[in-house]
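Participant: Below, each chain spelled out in residue letters.
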Amino acid sequence: MTAKLTNAQIAWRAAQDIQDGAYVNLGIGFPEMVARFQPPGRQAIFHTENGILGFGEAPAPGAEDWDLINAGKKAVTIKPGTAFFHHADSFAMVRGGHLDVAILGAYQVAQNGDLANWSTGPKGVPAVGGAMDLVHGAKRVAVITDHVTKDGKPKLVEACALPLTGVACVTRIYTSLAVVDIKGGHFVLREKLAALSFDDLQSLTGAPLHLDGDVAELIVPEV
Amino acid sequence: MDKRIATLAEAVADIPDGASVMIGGFGGSGAPIELIHALIDRYLATGSPRNLTIINNNAGNGHVGIAAMIEQGMVAKMVCSFPRSADPRVFTDKYLAGEIALELVPQGTLAERIRAGGAGIPAFYTPTGFGTDLAKGKPVAEFDGRSYVQERWLKADFALIKAETGDSLGNLTYRMAARNFAPLMAMAAARTVVQVSRAVEPGGIDPEAVVTPGIFVDAIVTVPDPAHEEDLNRANAHHPKVTA
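Protein chains in written order, with the working numbering: chain A, -11 to 211; chain B, 50 to 293.
Worth flagging that the hints you see were computed from the coordinates, not collected in a lab. Note that the structure is predicted; figures quoted are calculated from it, not measured. Glycine included, each C-beta is placed from N, C-alpha and C at the ideal position. Heads up, a few of these hints could be off.
As the list claims (entries may be wrong) - Counterexamples of contact, computed for chain A against chain B with all Cβ distances above 12 Å:
1. A115
2. G125
3. A156
4. A195
5. D202
Said to hold, decoys possible - Each computed DSSO-like pair below joins lysine-lysine, with the alpha-carbon atoms no more than 30 Å apart:
6. A:K62 to A:K127
7. A:K171 to B:K185
8. A:K62 to B:K143
9. B:K204 to A:K61
10. B:K143 to A:K111
11. A:K62 to B:K290
12. A:K62 to B:K52
13. A:K171 to A:K67
Unchecked claim - Across the chosen pairs, the derived CB separations fall in these ranges:
14. A:K111 to B:A190: 45 to 53 Å
15. A:Q190 to B:N285: 29 to 37 Å
16. A:K62 to B:A190: 35 to 43 Å
17. B:D66 to A:L150: 37 to 45 Å
18. A:P27 to B:D66: 52 to 60 Å
19. A:Q4 to B:P289: 47 to 55 Å
20. B:D66 to A:D139: 44 to 52 Å
21. A:K67 to B:D66: 17 to 25 Å
22. B:A284 to A:D188: 50 to 58 Å
23. A:K138 to B:N285: 30 to 38 Å
The whole structure should be built from the sequences, with the hints applied where relevant.
Facilitator: What follows is the structure, encoded as structure tokens:
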């Protein structure tokens, strides 16, 4: 198996595409890591579903205020410019097209942009949170994910087998091996790790990778 | 006019069996713990209310608040977006045993259904959920080339919410992200009962700062220094208290 990017490195790569002044929602868990890697000189404004815009990083242990949390129920902080609002306003920001980008995790992404990230099937207790709203609101919906599942199966697929979060909503995928756009119902390869051949990458991908212009080398520092 | 009520017990005394109750809060932030525990105490003393439908973003955490209501067997159905938490076992066990019903609603749709209920809008269209299992059986329509799902308003018999400051007319302010669903629920319930951490006379809240106008509020009870669900859970608290 070729070396692959760590989760932190995938998050770093995704962060490079966030412009100064962008309004951004990060999914709970792994995507929250993207906030750590804002390029110098750029300031994104982070939105959380439970009614905060422009929150700061986690407080020191012991300094938590549990009325000041993010959607993952983790403590955050206020900083100059923070705003609070109720849930209907929060989701007006989401559905109304006011967020520039949402970065989410995925179980599967299909070549037409369908996303499955909320349910692994009928067993257990279903839980959806704000994922279904986010995928239909942000101007750009990006996914960060390992390129394959823990047992080596492709996560980029022809059609999602798992229950959908949204239809044709994802436009870019940052994986542990590559950066892939979704365009015209196809996966379009934009960047890949240099050590990996196109054929190797294709063999780990569940639908054809198309080429549309140059494929750049996916270069990420140790982070 | 004075909407203040002296005790928590009086504030929750008229919630009957089978009622639908919206409860404010997102996780522990905004959870009206004292009102919920007063309702549990009434149930333990009288056997009522039971068979409740509870509307909240989550389905309880640990053994306090909504989790404690579920644990005591007061809740027949949860309407929520995310029935998971640090310790969701009380809900999970009852759900998997078929002892509690679940209506799972995307979070933004839940908020907007409640807002619509309070605003007199019986249905609306949203892109959320289109083409997914959660939109099955719902009417779909196309507007300007895009597909949308019809969702219905959501109202309730009661809302139990927590606010920071309230005056005797029911005007409210909230504390940081504890606001979340509370202003919407206050609009959507037939009777809205609020626990406030600080009570003031009319004029004690700057009119520019009022978040929930008093017209949406029916009763106010003062709970200074309210317990926080997160702190209770970190101390492994139970309601009612268990003796080791």
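Participant: Please go over all the hints and tell whether each is borne out by the structure.
Facilitator: The hints, checked one at a time:
{"no.": "1", "hint": "A115", "in the structure": "5 Å, violated"}
{"no.": "2", "hint": "G125", "in the structure": "8 Å, violated"}
{"no.": "3", "hint": "A156", "in the structure": "8 Å, violated"}
{"no.": "4", "hint": "A195", "in the structure": "19 Å, holds"}
{"no.": "5", "hint": "D202", "in the structure": "33 Å, holds"}
{"no.": "6", "hint": "A:K62 to A:K127", "in the structure": "26 Å, holds"}
{"no.": "7", "hint": "A:K171 to B:K185", "in the structure": "28 Å, holds"}
{"no.": "8", "hint": "A:K62 to B:K143", "in the structure": "27 Å, holds"}
{"no.": "9", "hint": "B:K204 to A:K61", "in the structure": "26 Å, holds"}
{"no.": "10", "hint": "B:K143 to A:K111", "in the structure": "14 Å, holds"}
{"no.": "11", "hint": "A:K62 to B:K290", "in the structure": "27 Å, holds"}
{"no.": "12", "hint": "A:K62 to B:K52", "in the structure": "35 Å, violated"}
{"no.": "13", "hint": "A:K171 to A:K67", "in the structure": "38 Å, violated"}
{"no.": "14", "hint": "A:K111 to B:A190: 45 to 53 Å", "in the structure": "33 Å, violated"}
{"no.": "15", "hint": "A:Q190 to B:N285: 29 to 37 Å", "in the structure": "52 Å, violated"}
{"no.": "16", "hint": "A:K62 to B:A190: 35 to 43 Å", "in the structure": "38 Å, holds"}
{"no.": "17", "hint": "B:D66 to A:L150: 37 to 45 Å", "in the structure": "40 Å, holds"}
{"no.": "18", "hint": "A:P27 to B:D66: 52 to 60 Å", "in the structure": "58 Å, holds"}
{"no.": "19", "hint": "A:Q4 to B:P289: 47 to 55 Å", "in the structure": "53 Å, holds"}
{"no.": "20", "hint": "B:D66 to A:D139: 44 to 52 Å", "in the structure": "49 Å, holds"}
{"no.": "21", "hint": "A:K67 to B:D66: 17 to 25 Å", "in the structure": "47 Å, violated"}
{"no.": "22", "hint": "B:A284 to A:D188: 50 to 58 Å", "in the structure": "52 Å, holds"}
{"no.": "23", "hint": "A:K138 to B:N285: 30 to 38 Å", "in the structure": "33 Å, holds"}
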